[in-house]
Amino acid sequence: MTIAENLFENLRLELRRGCLTLAVLAQLRQEHYGYTLRKALAEHGLEIDESTLYPLLRRLETQGLLASEWREEDKRNKRFYRLSDDGLAIFGQLLKEWQEINASIDKIL
Amino acid sequence: MELLDRYLQAVRKRLPWNRQDDIVAELKVNLESQLEEKEAALGRPLTPLEAESWLRQLGSPAQMAARYMPQRYLIGPKLFPTYVYALKVVFFWALVTYSVVCAVQLATGVLANASDVALALLRAPVIVMNLAAWVTLAFAIVEFAKRSSTARKLGMVPPTPDWQPATLPPLEMELATGKKRRSYAHAVAEVVFGFLFLIWFLLVPEFPYLMFGPGAWYLSASPYQLAAVWMVAYWWLVGLNAMGLIWNIVQLMRGEWQNQGLTHHVVFKTAGLVPVLVLAMARERVLVVLRHPAIDQMRYGGSLDAINQGLHKALMILTALIVLQLLWDLGVKGLELLRSGQTPSVGPRSKNVRG
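Residue numbers (the working numbering), protein chains in the order written: chain A, 54 to 162; chain B, 963 to 1317.
By construction, these hints were calculated from the structure, which means they are not laboratory data. Fair warning: this is a prediction, and the values are worked out from it, not measured in the lab. Just so it is clear, CB atoms sit at the ideal spot from N, CA and C, and this is done for glycine as well. Keep in mind that the hints are not guaranteed to be accurate.
[Stated by the list, open to error] SDA-like cross-link-like pairs, simulated, lysine to any residue; straight-line CA separation at most 20 Å:
id, chain 1, residue 1, chain 2, residue 2
1, A, Lys-92, B, Gly-1021
2, A, Lys-131, A, Lys-149
3, B, Lys-990, A, Arg-111
[As the list claims (entries may be wrong)] Reference excerpt, derived from the structure (chain B facing chain A, CB under 10 Å, subset only):
id, residue
4, Arg-981
5, Ile-985
6, Ala-987
7, Asn-992
8, Glu-994
9, Gln-1019
10, Leu-1020
11, Gly-1021
12, Met-1026
13, Ala-1028
14, Pro-1032
15, Leu-1036
16, Leu-1084
[Stated by the list, open to error] Only some residues are given here: those of chain A computed to face chain B with a beta carbon under 10 Å:
id, residue
17, Tyr-86
18, Leu-109
19, Arg-112
20, Asp-127
21, Arg-129
22, Lys-131
Taking the hints into account, I'd like the entire structure generated from these sequences.
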């Protein structure tokens, strides 16, 4: 990887980091377990690595933005996540912030 | 799949013990679901090569486990600038102190030969590394305490200093006269070299060769020696240098190193006249005496008078020069004050900045 490619990759990851959190919160307005959440995001064009998504779910849950429960489905125990009440409130604020940033960037461009 | 189980086992070993079961159970079900779907799409189990390729995409077990851990720092980004600053200060003063100790040891003969000096030089990096380790340990403890919930509950977290913009040092700008103010480095250098000079100067009476070099031997062998009045002047000079050093240290500590001001200048120039006047006004103008008057008076008495007369004249000229220089400096400083009083602003214009 050249220096320019490396720089682009770092900046891309930095740019994506916040957006991924927003996308995960948005998608978890409906209940999902890890794998179906990943698939749902991919169907909307947002591919996320397993090693990024699954730990992110844990972190958001620790921060109180997600609620989770172990439940059996298709003869397998799975951990289902959904947005908590606090998460919903924060999601609304983040979404507003994101829309404002997006509008500003559009104006600048 | 055995390879997946081995992968999960490797991840498990890198996770904190109290979260291992939960995390690995969740990861296992997610990855198995993904594997089933892949195999369903292919209509067959993954070959060993395909399985390896898939697991490689997930990242190494260490990478996967690390993502589940909170971001860990020995010294976090908030504390890091202070840490670097502390390291610089400690390094600087450690080297200065060590240099002074070595200089004194060299002068007093403790460091007697080249191998002693070489050993002393080689010891310097070890001392610096030791200090760096202690500073790092201290900051790591503070960082740990900041993030430890127990320490937070016990109120052991050091408070974040209440930063005040008013405490910022003044701008290092050009004076109205075009003369640059003293920089911090300049002020620190004055303290360090002032200290070293004082040590050297205090050693001179005991070890005259530090000042006169090989000439010290000729002086001791000559029939003449300096009169007692020189010691009075010498102690005046020691006092003056000590006073200057203390003044500079106090200025540094108070953050007022940029401009020494007129008072400093007048006080030190005037005080600098005292040792010269002490010598110039020596009783009966006796500055040099015979080492053995009873023996040498006949032979060297005439030249002794000539030496004393010559030295006295030189001291009077020196006094006059210092007085003239003092008056000149006073005039220049007065002019500077007058100009700065007439200039509305000498700093760059500030802009409104919003965060």
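(request) Using Cβ atoms only, decide whether Leu-1084 of chain B comes closer than 10 Å to chain A, and label the hint accordingly. (result) Interface hint status for Leu-1084 of chain B: violated (39 Å vs cutoff 10 Å).
(message) Against the 20 Å threshold, does the CA-CA distance of Lys-990 of chain B and Arg-111 of chain A hold or violate the hint?
(response) Between Lys-990 of chain B and Arg-111 of chain A the Cα gap is close to 15 Å, so the pair holds against 20 Å.
(message) Checking hints one by one. Is Leu-1036 of chain B an interface residue toward chain A, by the C-beta closer than 10 Å rule?
(response) violated, 21 Å
(message) A closest beta-carbon separation below 10 Å is what the hint needs, so does Pro-1032 of chain B meet it against chain A?
(response) holds, 8 Å
(message) Can you verify the interface hint for Gln-1019 of chain B: is its Cβ closer than 10 Å to any Cβ in chain A?
(response) Nearest chain A Cβ about 8 Å off; hint holds.
(message) Min Cβ distance, Glu-994 of chain B to chain A: is it shorter than 10 Å?
(response) Holds. Min distance 8 Å.
(request) Would you check whether Ala-987 of chain B satisfies its interface hint, that is, whether its CB is within less than 10 Å of any CB in chain A? (result) At 7 Å from the nearest chain A Cβ, Ala-987 of chain B passes the 10 Å test, so the hint holds.
(request) May I ask you to test the interface hint for Lys-131 of chain A with respect to chain B, counting a Cβ-Cβ separation under 10 Å as satisfied? (result) The hint holds - Lys-131 of chain A has a Cβ within 10 Å of chain B, the shortest such distance being about 5 Å.
(message) The hint names Gly-1021 of chain B as touching chain A; please verify it with the least Cβ-Cβ distance against 10 Å.
(response) With a closest approach of 5 Å, the Gly-1021 of chain B hint holds.
(message) Next item in the hint list is Ile-985 of chain B. Is there a CB on chain A closer than 10 Å to its CB?
(response) At 7 Å from the nearest chain A Cβ, Ile-985 of chain B passes the 10 Å test, so the hint holds.
(request) For the pair supplied as a hint, Lys-131 of chain A and Lys-149 of chain A, confirm whether the alpha-carbon distance does not exceed 20 Å. (result) violated, 32 Å
(message) Just to be careful: measuring from the Cβ of Asn-992 of chain B to every Cβ in chain A, is the smallest value less than 10 Å?
(response) Holds. Min distance 4 Å.
When held up to the earlier numbered hints, the structure conflicts with 2, 15, 16 and fits the remainder.
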